[in-house]
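Undergrad: Sequence:
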Amino acid sequence: MAKRNHTTPLGCIACDELSELGAGKESWLVENPFILSALDTHSLALSNKSLILIFGWSDDPFDNMKVKIHPELSPIGGEYITAIEWLVFDDIRVLAVGISSGYLLIYSLDGGLIHKQIIYPTRILKLRVRGTKRDISQDISNEEVCIVMDGVIARFDGSDLQDMLRRWFRDTQTNFWDQKRKKRDLDDFENSFERVPYQLWSVNKYGACADAAITGVMPPPLMELEWLYLKVPLQGLYLKLFWYLNSATFMFEQSSHRYYRAVTIGNDAVISAYRLSEDKNRSLVGAILSKVVPATFSTIASFSKLIWRSDRATPKKAEPKPQSFARAASLTCLKDPPRKGEKLTLSPSGTLATITDSLGRILLLDTQALVVVRLWKGYRDANCLFMEMLVNKDSASTSYHEYKKSDYCLCLAIYAPKKGIIEEAIVVVQGREVLARCVLVWELALDLCTAEPTRDGIFWKVRKDISKYSSLLSQSNQTLAVYIGNLVDQTYTGVYHVNVTFHYYPVVNDHGNSGDLYGNWADLIVPISRNLPLNDGLWFEIENSTDFESKKVSIPRNVYRAVLEVYVSFHENDEFWYTNLPNDYLLANNLSSNTAGNGAFREVLVSLDGELIGAVWPFTVIFTGGINPLLWRPISAIGSFDLPTYDIEITPFLGKLLDGKLHNLGFSVTNALNVWYVDANLHLWLDNKVKVVKGELLENNAEPLTLSTKSHFKGLNGKFKAGASRAILSKGWVESSKGNITTVSIQKFDFLNTNVLKNDGSFQTVNQTIDFNTTVSANIGSASLLYNIESHKKFPLFVYTNQIDQGDNTYSLLSNVTLGFDEDKILAAEGVLSSSTLRNWQKGDGTMLVKNNLVSGGLGRTHQVYKYTDNTGKFCYFRNVSSYNYTIVFDEVKDKCKVETRGYIPRFSNHRITLL
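Take the sequence shown: its position 840, counted from the start at 1, is 834 in the numbering used here, and no numbers get skipped.
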């Protein structure tokens, strides 16, 4: 078998012995709960209830062994193998085996029994081996072996096991006169070589545990002092021995007494935490007598045998008994009856752990602070694995480069059955600063902006439901295009590292999904954008009010519904278009060359073959560096990490589009300055029962824009008002296999903006409201209502800025922002009425000190309230979060309707659980 490396596949293991474990039978390895495995760099061990097979995969024939082990198990007691794990100490490799009766067995690689010791008379659940610090003040690591049982944790110090194994190997390899091993003592109780000291704790205060782990050492509790006594009942030696061990006791108190932190999971308590105290009496006998004064102990033992030796018959061998429990103080407990803890996975250092539960959730636990820092949902039967991966491979300048700890990063891999579609984009930027830039992922239409830099670097992650693009993911040979604009100079240059990940979830029936008709998503999606290949984004760039961008498109002739999803983002001179001033003000104050104008009103117009068919009055997205960058750390402005899209129902126009010819879809922006990025996706529903769907446009009434402006200014101070309204109505029918469907689409818009300037323009307030209402209804025949969808959106905005000159090319900026996205939806379909309400508001204020056009200091705070409810009482979500100067002050989450629920991230304290 080939040696494993990063380029050579492991291959397969094929041997007759595997049939004894059930190999050859369907799902023998996957569905058999009694198949256990242990893996190291040289060998694989597989086990069922009574048999262990060891396979080696080294190129060395000596190491490429196949060993079969049949442990001596009691059929009367129903003993069976419950856990296996490799123990590796430098050049020593052995296999540890746990038994249902509570015995620990250790076998050599040739199958010989080295050690047998009773731990506690209950089933061993798991054997854990890892490196750990000997003391909280030391960096030196030592192996420890943790044995997890039903409500019990045992710990072996790796050095004790290593010493025992070295003595055993030395004893077996040394040639004595009789060429035989030393005879065992009767007081070894069932131990094959000697009794190895260990610690034992009961952790069943909150019920039996399904899994547990010792995560590391921890400080002792305050004001705790214990006295230790050791009494040896031998006259004449008592005083001298007590005096010697009393000194040793003092030294032990100062240097060796330790406390450990343990985490358990189970059915009654999802997570429990304990402080485990060493049993000093056990430590004195097992550690001091065997290490500090081995000669004295040997002398005492020999002398005691001489004193009590007699001609009496040798007493019957004593039954093995486990030692008593050391003290385990409970720290905290999280109980949640609906869910039960299942699996616990510890990181190599023990500072992090993942916990899976019966509800398909994965909790990421900081084991030192006892804080659940992350929670994932929807991962039933998940398996987790921590990996330390080399990330700075290119930093080595020579072949002799020795990698440091900083060259590695800790990664968590989660494996679970495939579930729905959620896209996860993880972006890391290496560079000093990064301007807020727009990121687009085409074919999946993920539009977002970059994050602002922090002290620890620039990192952000966005998750978006892309289920409505399912038809794209079912196609082969797809091209995924990602574009992020980059500014290259001495300050803002950065290198982007982007991961795009797709998560699949079980299909569930959506509740009142207004994005689909007849219960499903579009069958075909046609991109309306520029074509590849490009060295730029695929979006259309609109740089002024006369710019017109378009694309010719043809659609299949069996389409019965069509929706145009429009993407809009604004940048450069129009990034803050809602604060722009009228041109007459700029001309009067000679500011037209360096100040954005054209007033504060914008609309995106969509046309078909030159005829207006719809409009978008966009939500005022503020990017992560907008107005005051300190407001958006870490809470980003609404929509900045997921720019909203806008649906325009163009089903009434299918009568024009279903002729099989090319048609021109065009875009323009009223009052635009450079630059606006606009593109779209055309969602099409196909009637697979017919080849051609007929249709006709009955009405298209696009009322002219009503725009009124008022300006009153004197010098640089003034007040400006702008109001606008528009309505667009279209009506048409299609004849499909579902019948004659008549669709009516109505868009209504209202806009009001008030802009005030004071202090020669250094003080500005903007108060703006956009009402964006749409109605789409479809009828079969003349009367039967198929569906009716109403959406009422309101976008309130308030911005206050006050710039104060500080001299020396420095100024301070005071800012206050209130931003809202409200939407009420009503859906009537097939006699069922459903509705939903969304309220998403943010309010932030802060100060910023700017010198030489770079932020040199400041403070910011932001408060956001998000509330979603529906009329069914089944789907609700509430979040109330606040931040101050990079720090989350509070975070309240409720995900059940009309019921107070705790936040989903629990925090542990020393004696209780506090919830965010």
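Just so you know, these hints were derived from the structure itself, not from any lab.
Small disclaimer: the values here were computed from a predicted structure and weren't measured.
Each residue gets a CB set at the ideal place from its N, CA and C atoms; glycine is no exception.
Hints are supplied without guarantee of correctness; some may be wrong.
Said to hold, decoys possible - Computed beta-carbon distance windows for the label pairs:
hint, residue 1, residue 2, range
1, Tyr805, Asn874, 41 to 51 angstroms
2, Val849, Thr881, 10 to 20 angstroms
3, Asn682, Asn588, 34 to 44 angstroms
As the list claims (entries may be wrong) - Quick list of in silico lysine-lysine cross-link-like pairs, BS3-like style, CA-CA up to 27 angstroms:
hint, residue 1, residue 2
4, Lys888, Lys787
5, Lys868, Lys458
6, Lys787, Lys458
7, Lys337, Lys120
8, Lys715, Lys546
9, Lys788, Lys861
10, Lys655, Lys704
11, Lys650, Lys546
12, Lys655, Lys725
13, Lys837, Lys787
14, Lys685, Lys650
15, Lys546, Lys704
16, Lys683, Lys732
17, Lys713, Lys650
18, Lys329, Lys120
19, Lys685, Lys725
20, Lys819, Lys845
21, Lys868, Lys890
22, Lys650, Lys683
23, Lys732, Lys787
24, Lys688, Lys732
25, Lys732, Lys655
26, Lys704, Lys650
27, Lys868, Lys334
28, Lys819, Lys888
29, Lys788, Lys685
30, Lys371, Lys732
31, Lys725, Lys788
32, Lys120, Lys458
33, Lys715, Lys787
34, Lys704, Lys725
Undergrad: Checked against the structure, which of the hints given earlier come out wrong?
TA: 1, 3, 8, 10, 15, 17, 20, 23, 26, 29, 30, 32, 34
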